[in-house]
Amino acid sequence: MADAATLLVLWPVLIPIATAALTAALWRSPAAQRWVGMASLMLLLAASLALTYVVATEGVVAKQFGDWAAPFGITFVADPLSAAMIAISGVLAFAVGIFALSDIRPRHERNGFHPLFHGLMAGVNGAFLTGDIFNLYVWFEVMLITTLGLLVVQRGRAQIDGALKYAAMNLFGTILFLIAVALLYGATGTLNMADLARILPGMEMSPGLTASALLFLAAFGIKAGVFPLFFWLPASYHTAPIAIAALFAGLLTKVGVYAAFRVFTLLFEMEGGGLREIVAVVAALTMITGVFGAAIQWNVRRILSFHIISQIGYMLMGLAIATPVAIAGAVFYIVHHIIVKANLFLLAGAIRKAAGTDDLRKAGGLLKSHPWLAVLFLIPALSLAGLPPLSGFWAKFLVIDASLREEVWWLAAVALLVGALTLFSMSKIWMEAFWKKPVLVRATPRRVPVAFVAPIVLLGAVTLTIGLFADPFVEYARTATAVLVDPADYIAAVFPEEGPVQAAGTAYPGTANHSQGAVE
Amino acid sequence: MTLVYALTIAAYVGCGLYMMLSRHAVRMILGLALLTNGAIFLIFFSGGIGATTPPVIPQGAEALAADAANALPQALVLTAIVIGFALTAFAIALALKAYRSLGTLDVREMQDAERLGAPDLPLSTPVKNHG
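Going line by line, the protein sequences match chains A and B.
The numbering of the first sequence is this note's numbering, which starts it at 1 and goes up by one.
The numbering of the second sequence is this note's numbering, which starts it at 1001 and goes up by one.
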């Protein structure tokens, strides 16, 4: 039963948890924490890529904890979407880990940077892999508490202010999530996602289920930073140290998007009840408000924070259209965006180092002093705006093409307009930081450390690879979508025996026939 | 009985939401704690309250008695209580730290994050040389 393939599902969570514990035990020695951390990130990357390889060759892999057959135990499932998210977050964690070697100061390390970083990775990977809706809530909370810790490692006034605002909105979001889970459990009597995917299609949409679906949408919306619920994001992200902000920008909102895709393909239908229309309007407003919010900013980190929001809109667009083509486009978009967005934040760190400031009005002249940095900036910046032949072009092309096929003209028009405005923001950074004559001329240019440049090159190379050899990635996104649209493979991996495990004698009064092992 | 439970949960959630709307950080945290408790009650209620027989398989029997209580919501509630407790404790610590370093608990007066890199920030050096 416990062969190598199913055990692989556990490594992306076990490695970071073990590292978090180990680095916490090595509290007094930041140097040792750094070494343990880097070794663990390499292991995590290897494990993530191995899992993706196995999933790509053998299909959906599931692991039942303690061999409690589903739906009684906790299940971990790696379908192509989860595996892609795991692989991409492994790459990102590795790149950010290198960047942090130089960016994270000893006093941040003494405040617990390493244990919190690995704890966050455990939470993110757990959320991607779990096949149990209550367990997903637990991983969200793991992510939340480690995120809050990372926000305040710098302990400045702005950090504490930002963390308080982040905490208020996100704690509220997880409570909505919990209420949604409670209503879902009350209606169905099970929490296993594969089991829910079997039961829910046969059920009438009762008021409880509708409320549950809308609460899920709101909870994931807060996490993902969509239109009326995103205010915590620009209030907090720019206060964190760059390495941490890059990690947040790459992963956190995308976990919300991932959860929304999981729940609204596997459990609930997008059709009917006005859900599609709500998500479409929310997606459009998210794109527009994000990009206009960025337009008035002069601080690189604040510009990029607003662009996270605007890009989330494109992913939601895929969910709103909900055809297989659109979902495949959105899956491709998420993978591309995680790399590009985190890379831009790392570049913001490099610009800050090279120019000595975050403020574009005070920066300038980097094209002359750091020409290679200018080239490295152009790769993710133009990719974010969606210029060919970079990865962002294919991502935007796929979702906009899908909306045109469904004849949702207005959404496609909004997406194209926002793409143009994104280009405006990126060229603003380019003109102000790189092209314009420097405000203050320095005799010797500031050096950018190798630990900054290496991850930027790595992530830039990934962006170029996705852009120039888009075909296998698009093909993979289609495979992932096939499992999302038709969850038969997902269900078969969780329930290997034909049909449900009907334990007739264990039926509890008041609920359906399904129950589950203890969750803690 | 169902109505009593529903009204209790509604009261908890209503009070929690009202408190969350406050501008005072401590009231906000109290609101969060109330909301968490409302959610916990809801889980309990979703599991079906009524049966009181312990969910233990009697000796010699193969399966649970038909009127056994549902054990799962208790496991869920326990998890939710632990998580809620930890996050509330963290939020209180954060509010205390905010009061000590920002000197206020009124969220309207907490402007430090907004001021960091704000677009309307007056520049110390004049901006020239555009182009």
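Calculated directly from the structure, the hints in this document are not laboratory data.
A few of these clues could be false.
What the hints assert, rightly or not - Among the chain B residues that face chain A by a calculated CB cut under 7 Å, a handful are:
1. V1004
2. T1008
3. A1033
4. T1036
5. N1037
6. I1081
7. I1092
8. A1093
9. L1094
10. L1096
11. D1112
12. A1113
Unchecked claim - Label-pair restraints from in silico Cβ distances:
13. B:Q1111 <-> A:L7: 44 to 52 Å
14. A:R28 <-> B:R1115: 33 to 41 Å
15. B:R1108 <-> A:F65: 45 to 53 Å
16. B:E1109 <-> A:T57: 37 to 45 Å
17. B:R1115 <-> A:E271: 44 to 52 Å
Positions of the beta carbon are idealized from the N, C-alpha and C atoms, including for glycine.
Numbers of the earlier hints that this structure fails to satisfy, in rising order: 1, 2, 3, 5, 6, 7, 8, 10 and 16
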